[in-house]
Amino acid sequence: NKQLKMIHITPAVPTSGLFMHTLADLTGGVTISSEHLGGAYLYAGTPIGKGSDGCYEVEKIALTLYVTPVSSKELKVAKGHHFLAGDYIAADMADGQKIASVNKQNAEYDILTLEQSFAVEIPKDAPLFATEGNNKVPKVSPVALVAHTALVPHGGDLYCGAWLICVVKEERSQPIAKTLREQLRLISFI
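Numbers in the working numbering are just positions in the sequence shown, counted from 1, shifted up by 831.
It cannot be assumed that every hint is accurate.
In the SDA-like style, the derived pairs of lysine to any residue whose C-alpha atoms are separated by at most 20 Å in a straight line are [what the hints assert, rightly or not]:
#1 K1009 <-> A925
#2 K929 <-> P900
#3 K910 <-> K955
#4 K955 <-> K1009
#5 K1000 <-> M851
#6 K1009 <-> I1021
#7 K929 <-> N966
#8 K907 <-> K935
#9 K881 <-> G964
#10 K910 <-> D956
#11 K1009 <-> L894
#12 K907 <-> P958
#13 K904 <-> P958
#14 K929 <-> L894
#15 K929 <-> S902
#16 K881 <-> L857
#17 K967 <-> A950
#18 K929 <-> P954
#19 K935 <-> Y874
#20 K967 <-> L915
#21 K1009 <-> F1020
#22 K907 <-> P954
#23 K910 <-> E1002
#24 K955 <-> D926
#25 K910 <-> Q936
#26 K955 <-> P900
#27 K1000 <-> P958
#28 K904 <-> D926
#29 K929 <-> V968
#30 K967 <-> S948
#31 K955 <-> R1003
#32 K907 <-> A950
#33 K907 <-> A871
#34 K970 <-> D926
These are computed hints drawn from the structure, not numbers from a lab.
My request is simple: use the sequences and hints to build the entire structure.
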């Protein structure tokens, strides 16, 4: 028995100056698997890549709000990420580490507790991304950016637009690490 999945279409939230110029989208929009997303909203400018069964998947990203010393297993990150316990998280300067727990109790930031600390200090405002394991290989190879902010459904998949070729205003951009930008060759950040 194949279980039918619901596809949710949510009203688009304005992206206020994020995309300065858009040239090409993924025609007809994309269906995004929401099964492994840990946040309430999928924000415009989030990188996505091809998944399985015709669905796209989110390359999870986050931003550090404080310096993370070498000895610390706690990353304090900005709210709005989709990381869950069991995911691997990395920075441009550090191989991925497995997340043991996610604490969202603080009003200002979330605490991602790692099984092992990073081998280097992670600076404040460092973009983080999901990896396949203890490496810097993105879990999802990004090919496009989500076009509009949308509510993530509790069950089923999410349908939304996605920009394949565009110009993004960097100061309003999601925290996208250099490792991911190198794969998003058709996206210009200015």
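For each hint, the structure was consulted:
{"no.": "1", "hint": "K1009 <-> A925", "verdict": "12 Å, holds"}
{"no.": "2", "hint": "K929 <-> P900", "verdict": "17 Å, holds"}
{"no.": "3", "hint": "K910 <-> K955", "verdict": "15 Å, holds"}
{"no.": "4", "hint": "K955 <-> K1009", "verdict": "16 Å, holds"}
{"no.": "5", "hint": "K1000 <-> M851", "verdict": "6 Å, holds"}
{"no.": "6", "hint": "K1009 <-> I1021", "verdict": "14 Å, holds"}
{"no.": "7", "hint": "K929 <-> N966", "verdict": "11 Å, holds"}
{"no.": "8", "hint": "K907 <-> K935", "verdict": "10 Å, holds"}
{"no.": "9", "hint": "K881 <-> G964", "verdict": "19 Å, holds"}
{"no.": "10", "hint": "K910 <-> D956", "verdict": "13 Å, holds"}
{"no.": "11", "hint": "K1009 <-> L894", "verdict": "13 Å, holds"}
{"no.": "12", "hint": "K907 <-> P958", "verdict": "12 Å, holds"}
{"no.": "13", "hint": "K904 <-> P958", "verdict": "17 Å, holds"}
{"no.": "14", "hint": "K929 <-> L894", "verdict": "17 Å, holds"}
{"no.": "15", "hint": "K929 <-> S902", "verdict": "15 Å, holds"}
{"no.": "16", "hint": "K881 <-> L857", "verdict": "11 Å, holds"}
{"no.": "17", "hint": "K967 <-> A950", "verdict": "13 Å, holds"}
{"no.": "18", "hint": "K929 <-> P954", "verdict": "19 Å, holds"}
{"no.": "19", "hint": "K935 <-> Y874", "verdict": "18 Å, holds"}
{"no.": "20", "hint": "K967 <-> L915", "verdict": "18 Å, holds"}
{"no.": "21", "hint": "K1009 <-> F1020", "verdict": "11 Å, holds"}
{"no.": "22", "hint": "K907 <-> P954", "verdict": "11 Å, holds"}
{"no.": "23", "hint": "K910 <-> E1002", "verdict": "17 Å, holds"}
{"no.": "24", "hint": "K955 <-> D926", "verdict": "17 Å, holds"}
{"no.": "25", "hint": "K910 <-> Q936", "verdict": "11 Å, holds"}
{"no.": "26", "hint": "K955 <-> P900", "verdict": "10 Å, holds"}
{"no.": "27", "hint": "K1000 <-> P958", "verdict": "16 Å, holds"}
{"no.": "28", "hint": "K904 <-> D926", "verdict": "14 Å, holds"}
{"no.": "29", "hint": "K929 <-> V968", "verdict": "14 Å, holds"}
{"no.": "30", "hint": "K967 <-> S948", "verdict": "15 Å, holds"}
{"no.": "31", "hint": "K955 <-> R1003", "verdict": "17 Å, holds"}
{"no.": "32", "hint": "K907 <-> A950", "verdict": "17 Å, holds"}
{"no.": "33", "hint": "K907 <-> A871", "verdict": "18 Å, holds"}
{"no.": "34", "hint": "K970 <-> D926", "verdict": "12 Å, holds"}
The structure meets every hint from the earlier list without exception.
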